[in-house]
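**Student:** Chain A is already provided as a structure; the job is to place chain B on it using the hints.
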Amino acid sequence: MMLPLKENDRPIVKKLLEAGCCARCVLRFCFLEVQSAYRQPYEDTAKELLAFINDEETNVTKDSAVQDQLTKDPPSKKIKLDTAKTDVQAEGDSALVPTVTEEGGARLVKSDVCVVCLGVLQEFCDEAYATKVCFFPFHYYNLYLFYSFSPLLCYVQFIITTLSYLKISKGDWLHYDQGIQYQSKVWTHLLIQGRPCCFAFLDCSEKSLILWLNSFEGAHAPNFVLLPFLLFFFRKFPCPPTRPASKCVAQDVQCLHVSVFVAGRYNKFSRTLPQTPWVIDGERRMESSVEELIAAPLLSSFRAKGFNFSSSGREDVDVRTLGNGRPFALELLNPHRARFNKAEIRQLQETINQSSDKIRVRDLQIVNAMGHMKEGEEDKTKSYSALIWTQKAIDKDDITFLEETKELKLAQKTPLRVLHRRPLTVRERVIHTMSTRFLDAHHFHLVLRTQAGTYIKEFVHGDFGRTKPNLCDLLKTDTDILELDVESVDVDWPPPVPE
Amino acid sequence: SGIIQCFVHRCISPTSVSDIKGKNCEDQCVLQHSNRICVITLAESHPILQNGNTIKSINYQISAGCSRLQNKVSGKSKRGGQFLTELAPLCRITCTEGVEYTIYSCIRGRLLEVNEGILERPELLLEKPSTEGYIAVILPKLEESKTVTNGLLSREEYENILSKRTSSTQQGPKTEPEPC
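For the protein sequence lines, the chains are A and B, in the order given. Read left to right, the first sequence gives residues 535 to 1033 (this note's numbering). Read left to right, the second sequence gives residues 288 to 467 (this note's numbering).
Here chain A stands alone, though its shape is the one from the complex (with noise of 0.2 Å):
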């Protein structure tokens, strides 16, 4: 392919491959954006600079020194692949023997090991190599390969090859108006088209580099306060830079894998089971939790080494779900397998439903994302189904009127037991029906449809009378909660899946 370079790049591509740059850092260095320039083997983007270069009308250039760094081979990969562990090696060059002196002068063999990138954008991006990487115990079908380098050699190269952009025009600035991009959470632009520029030290110490670029309006040099610092520079990394003895090693391979979702829905049969693990001090309070039960297989299954939990809403430890379950998400992090079909996924939900008895998952699936299982949260509507106590004795009639209640308005403040944690506030609630059944004389059945977000004890015993209305008030008598269960969780998300 024709590599998409301009008449301005000329010069910079040919101070950049006498300085020592691979083919493809020379690409990096131009701004070229284009994957496919990268993808083409590394042999055909180095000709093809070549011939950029010799392409010069008024300079026909055949330096010997850029010849010479694009036409050789690369070294021949002897990678060693040790089963025992799980280093990849690559023996070193086997076609140089480099000496290169210190002041950067002698230089006695050329190394073709590239001065940026020490190899790394000559070899670790071949299918080769790729191949080997493969071997480690994941399944996959696709692969992606990121390279990151350290802030150390990112910030040194970034100042040589802009020291040597400086020496190939004095005064003519370069025309790139857009920025490299270096794995740095610190750093990201650098060359603002047509504006002379200027560096400042901020911390350089053994391990890192860290440089902040001024552009200066109208400067036309450095300023002189910072010629120490650039001298200091041209003193440690002369430019351009002395080239590298042998390339790079690999001495370790971690594969991550994107995050999975499964979500579901959940039931919660157990009183004296919390949604998610209690712990106060360190020290655990209460046995299991709803999420441990749920992501206990599923961790062994997809060979996850961690998981977030999320759902649409909680209930107390207290608290049965019933119906058709609580939505929610998993997110199974890091899962050495991702792939399973729904026959699997329907044997994974059997077997965290046998695992327990307090639980009961349905709806089991992947999904792309989390889901909108929180939107719109105050829209949705929850029902409830609760065991009232009365003080004073009661009969059937004096409970029915609660039928004909409806879009009761709740002005509820924050209930005392949560306080420690939410801000005071009052909250505004509605409860659409109710219910009722009755009991004895001092009990009855009442089951409410409510707006979400409701608290349903503090309705029902006022929580010192800081819910209002509440049914001490309704009633005329103190009034407590003695079971809750949540009946239904109104929301669409996920999607049911056929039995």
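It should be emphasised that the hints constitute simulated quantities derived from the structure, not laboratory data. The structure displayed is predicted, hence computed values, not measured ones. There may be inaccurate statements among the hints.
What the hints assert, rightly or not - Chain B stretches covered by chain A per the calculated footprint, using a threshold of three residues with CB under 8 Å from any CB of chain A:
1. 318-325
2. 352-366
3. 419-428
As the list claims (entries may be wrong) - Below are the DSSO-like pairs computed for lysine-lysine, each with C-alpha atoms no more than 27 Å apart in a straight line:
4. Lys451(B) <-> Lys359(B)
5. Lys365(B) <-> Lys433(B)
6. Lys991(A) <-> Lys365(B)
7. Lys363(B) <-> Lys1002(A)
8. Lys363(B) <-> Lys947(A)
9. Lys365(B) <-> Lys947(A)
10. Lys343(B) <-> Lys914(A)
11. Lys363(B) <-> Lys991(A)
12. Lys428(B) <-> Lys876(A)
13. Lys876(A) <-> Lys947(A)
14. Lys947(A) <-> Lys433(B)
15. Lys363(B) <-> Lys943(A)
16. Lys914(A) <-> Lys926(A)
17. Lys892(A) <-> Lys876(A)
18. Lys926(A) <-> Lys1002(A)
19. Lys1002(A) <-> Lys365(B)
20. Lys991(A) <-> Lys1010(A)
21. Lys581(A) <-> Lys540(A)
22. Lys991(A) <-> Lys359(B)
23. Lys943(A) <-> Lys991(A)
24. Lys947(A) <-> Lys359(B)
25. Lys947(A) <-> Lys991(A)
26. Lys943(A) <-> Lys1002(A)
27. Lys892(A) <-> Lys839(A)
28. Lys991(A) <-> Lys926(A)
29. Lys1010(A) <-> Lys343(B)
30. Lys428(B) <-> Lys947(A)
31. Lys433(B) <-> Lys1002(A)
32. Lys365(B) <-> Lys428(B)
33. Lys359(B) <-> Lys943(A)
What the hints assert, rightly or not - For each label pair, taking beta carbons as the anchor points, the in silico distance ranges come out as:
34. Ser969(A) <-> Leu374(B): 50 to 56 Å
35. Ile900(A) <-> Glu443(B): 56 to 62 Å
36. His979(A) <-> Glu443(B): 36 to 42 Å
37. Ser804(A) <-> Thr389(B): 27 to 33 Å
38. Ser454(B) <-> Arg819(A): 41 to 47 Å
39. Gly438(B) <-> Gln788(A): 54 to 60 Å
40. Gly438(B) <-> Glu817(A): 23 to 29 Å
Here a beta-carbon is modelled for each residue, glycine too, at the ideal position from N, C-alpha and C.
**Tutor:** Chain B only, in chain A's frame:
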């Protein structure tokens, strides 16, 4: 009362402070939830609740520059709440005979809210002193949450003192004024 029994049974342990500042029988109650939040109420033996009193006024303005009604907290950390020590006054209650009683905080902590319901309906204080007639809600510091009720009486100790009062003709032995 029934409601408090259930509530307490689940999560609140009441401790009482007796004879604040050496004042005879002006007992108050601190109900502490397992999440460390405390509700301050009158104890059953407080003079206000005796002898068919009626309440003339409840005043949260405890000094020229300080009214507990102005207390405003915001955010999860309850910023802005007035910090109280044990003997900080919460309010002054005047009964119809003209006797004025001061109700104290009893514990160290940040004032979250005072009960405005009793301003509108003072009878709540007389009818339901331990629930709807509460005085204030206070949040102790996290590191003090377990020790904040240390100087207070347990339910049994309080009832012992009560029975000593009624059985003796003189005033019962004064407990030392609290650090509360």
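**Student:** So which of those numbered hints doesn't the model satisfy?
**Tutor:** Checked against the structure, the hints that fail are numbers 4, 10, 12, 13, 16, 31, 37, while the rest are satisfied.
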